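Asker: Chains as they are written, first to last, in our numbering: chain C, 1 to 133; chain A, 1 to 103.
The set of hints was computed from the structure by calculation and includes no laboratory data.
Owing to the predicted nature of the structure, the values given are computational and were not obtained by experimental measurement.
Possibly wrong hints are sitting among the right ones.
Unchecked claim - Have a look at the derived ranges for each label pair, beta carbon to beta carbon:
| hint | chain 1 | residue 1 | chain 2 | residue 2 | range |
| --- | --- | --- | --- | --- | --- |
| 1 | A | R53 | C | D33 | 37 to 45 Å |
| 2 | A | Y80 | C | A70 | 32 to 40 Å |
| 3 | A | R82 | C | T82 | 37 to 45 Å |
| 4 | C | L26 | A | G70 | 39 to 47 Å |
| 5 | C | A12 | A | R53 | 21 to 29 Å |
| 6 | A | V18 | C | F19 | 13 to 21 Å |
Beta carbons: idealized from backbone N, C-alpha and C, even for Gly.
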Amino acid sequence: MLTLIVDILTWACFIVGGFFLFIGSLGMVRLVDFWARLHAASIIDSAGIGLILVGMMLQGGFTLITAKLALIVLFLFITGPTASHAVANAAFMSGSRPHDLVEDVTSEGDKPNAKDDTKSDSKTKESTGSKTS
Amino acid sequence: MFAFISLLIFICMAVLMVRLFAGPTLYDRVLALNTFGSCTVLLIGAVGFLFGRPDFLDIALLYALINFVGTIAVLKFFRYRRLGDAPEDAEAIMAPPPEEQKQ
């Protein structure tokens, strides 16, 4: 009886986690922008991997295997968002900006890009003006 | 059960490989590589359960840590163009390159 309940919970964790994994990997291919693909990668890193590892912990029982799986979950939950943040920060510092960012408020803190700010502002004004006209 | 999840992880890794090879920028590739490494950790654990040898989890734990260090190392290399200690001309590197100022 108990094994049946544990098996059902494991199947639920695997199916939901596999769903998130599949949606995330599909989004990595289909989404248009680097900044949009960041969301898909974060879904795989947190939801998919967390749920599948919880399902494995349910199958492991109260053994050393579960302790090792808990360590993997702990390290992945620390390092995954840190790595995503590092990639996003490196892309931001390299000058990449989101696809449809009309008003570039995010680059006000960048002193070296002060000249580029005015240029991008004039560009966005031109584009909006052409849209309205 | 573990055969099902291993197959699903394998399919997702194959789909991620598309972005890994076709990414237009460097950062797309680094992001796909980081996610690919996380999926590898899952696959090592699932295959260990599938073949009845959960000792593979030690390798998965090691792989998770090395994957993070590798991602940070790749990003650091492409920003500073070296991997050792902090460069002595860090101020010059942090400033934008001259062709950006001309634009």
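Asker: Evaluate each hint against the coordinates.
Answerer: Taking the hints in turn, this is what the structure says about them:
no., hint, in the structure
1, R53(A) with D33(C): 37 to 45 Å, "holds (42 Å)"
2, Y80(A) with A70(C): 32 to 40 Å, "holds (36 Å)"
3, R82(A) with T82(C): 37 to 45 Å, "violated (22 Å)"
4, L26(C) with G70(A): 39 to 47 Å, "violated (25 Å)"
5, A12(C) with R53(A): 21 to 29 Å, "holds (25 Å)"
6, V18(A) with F19(C): 13 to 21 Å, "holds (20 Å)"
In the structure shown, a violation is registered for the earlier hints numbered 3 and 4, in ascending order.
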